[in-house]
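Enquirer: Protein sequences, first through last, are from chains V and B.
Residues in the first sequence are numbered consecutively from 511, following the working numbering.
Residues in the second sequence are numbered consecutively from 3, following the working numbering.
Okay, derived cross-link-like pairs now, SDA-like style, lysine to any residue, Cα gap no bigger than 20 Å in a straight line:
| no. | chain 1 | residue 1 | chain 2 | residue 2 |
| --- | --- | --- | --- | --- |
| 1 | B | K399 | B | L334 |
| 2 | B | K20 | V | R611 |
| 3 | B | K20 | V | H652 |
| 4 | B | K143 | B | T162 |
| 5 | B | K20 | V | T612 |
| 6 | B | K399 | V | S588 |
| 7 | B | K155 | B | I186 |
| 8 | B | K20 | V | S613 |
| 9 | B | K399 | V | D587 |
| 10 | B | K216 | B | V183 |
| 11 | B | K399 | B | E315 |
| 12 | B | K182 | B | R217 |
| 13 | B | K20 | V | L609 |
| 14 | B | K182 | B | Q112 |
Hint data in this document are derived by calculation from the structure and do not stem from the laboratory.
In case you want the letters, here they are:
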Amino acid sequence: MPTPLITTRDLSKTYELGGFVVQALRGVSLDIYAGEFVAVMGPSGSGKSTFMNLLGCLDTPTSGEYLLAGERISGLDSDALAGIRNRRIGFVFQSFNLLPRTSALENIALPLLYCGVPAEARNRRAAASLAEVGLADRGHHHPAQLSGGQQQRVAIARALVNEPVLILADEPTGALDTLTSCEVMALLQQLNARGMTVILVTHEHDIAEFAKRVVTFRDGRVVEDRAVEKPRDAAALAIELRAEQPA
Amino acid sequence: MNILASIRIALRALRINKLRSALTMLGIIIGVAAVITMIAVGSGAQQRIEDQIKGLGTNLIILLPGSTTSGGARMGAGSRNTLTEEDAYAIQRDVPAVQASAPTLRGTGQVVGGTANWSTVFYGVTPEYFEARNWVVAQGKGFEPADIAGAAKVALLGDTVVRNLFGETDPIGQVVRIRKVPFIVIGTLEKKGQSLMGQDQDDVILMPISTARKRVLGQGAGRLRTVGSVSIKVRDGEDMAEAEAQIRSLLRQRHRIQQDREDDFTLRNLSEVLATREESSRIMGLLLAAVASVSLLVGGIGIMNIMLVSVTERTREIGLRMAVGARGRDILTQFLVEAITLALIGGLLGIALGVGGSVAISQFVGWPIALGIEPVVLAVGFAAGIGIFFGFYPARKASRLLPIEALRYE
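This is chain V alone, in the form it adopts within the complex (with noise of 0.2 Å):
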């Protein structure tokens, strides 16, 4: 057995809320190794957001361990934890995040920015992960001039252009309709098959099922962890959605 990639013991989160205390993860010990696709599932408040702030180095335990490819992260001073979701994190959110008035290469360079390359490799590195995405031809374009999923995979570009260990989706498909989700996660399935890391986080059934693991969360607590037995292929499913389209 080979280490995991991801190792939580005890993972607990306690926020305090206007004077209440909120718990809002008790304890979850999950691993998870490289080359897993996970979907985390459960109903809003039952952790799994915070878990993945925690797991993306957002947010830091009130107690417990979190260790990424073996190195242990809590403990890690502000500074550090920046230099990991640099250099070996991919995020991507449910309102995409990028910068407005900002074009496509300029968004997906951005983490480079933050290492120290220098611009000419940069502005390289960005478009070869622009064309990964398949938008090659929309560099100069700003998120305004962008549809929704256009602007989510540049999302996804940005989160691949550091080559990270890890790509961590938080409801990436929560602001897109059907077809455009099932591309997207069309997207994420086909980088888990080159090897890619990628949790998921999500409340839709549907969604979870493009993944290869689920576990699902319910009040802090890891309720059910259960493999995937035949992962829905998105890519497929796009085909035959974009057919059953009026022309």
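Starting from the structure of chain V, add chain B where the hints point.
Expert: Positioned in the frame of chain V, the structure of chain B alone reads:
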């Protein structure tokens, strides 16, 4: 992240809110322009006074005879003939701090020359007078020692006299009659303009002191060669008070004045009056600059205000930048550079406006201005300083946001 990339990001952020950026800059533009203009006007006024002092001679001491008492009424300085030419020569010879000591006789009278006549002041002088009072011969030549020794009937005319007697024609070699005594004009004096007291300094004729005494004022018979005043120029770098003390002790000795008796002469130091004027103009200038600095301060607060708004507005952007790997100090740099860019662009525009305004003031209002490189450098430094000072708090606020909270900010 390098500084060039930061500047590019800052410029883009400022471009996105053009009107807001322009209005914020306006505060700095007006502040810097006001500081530069006020300093230019203030130091211009100061410079003019300094020039006047220089024209007069900063290190000039005027020696006047003492007063007489007639029936209990004291007659004022110069009413007694206690000073002689020999006193003046002794001062020149025996007081090392003195550069030039020039005895002078003063008179007024009608002058006839060319086709006109004119009432003016004439001074009987020695060649030292030119040095002591900073007179320059514009055309022709000055007096030779032989002119003094031989009481030659030669004269130098001030600019006003030349214009009134000769108009545009060349006065050199012409004859003028001063109190009916004929003189040959050997030269003209360079224009000096008005004195600080508003007198026309060019309405004057200079002649050898011996000529004035013997041929015009008719004092030839007297045993003592008395003079009206002595203009004494102290060497540069010498202490005025020290020189005055030496002159005083020399004269008391020469005039055999007892320890407990008053001087029979008066020493006047013109620069004291002018130093007071200079000081008041300097304070005025400082005051103007201080008032202008307040507007610069207000401009700085404007920058801080807008940066705080900007940080709040762009909280999600900050969150995203942090999510993709920006450290606190990257965010700090970004917002600081933005504030400094805002302040510097405003500062540069302010310099242009300030220099333009100063030139306009000198052109249209006619006030003297003095534009130096120092106020410009000062203003740029000040603008950058304001950017750093007022940008730091909002920038630090941005850099201390938690990534997850910034990302979730609505």
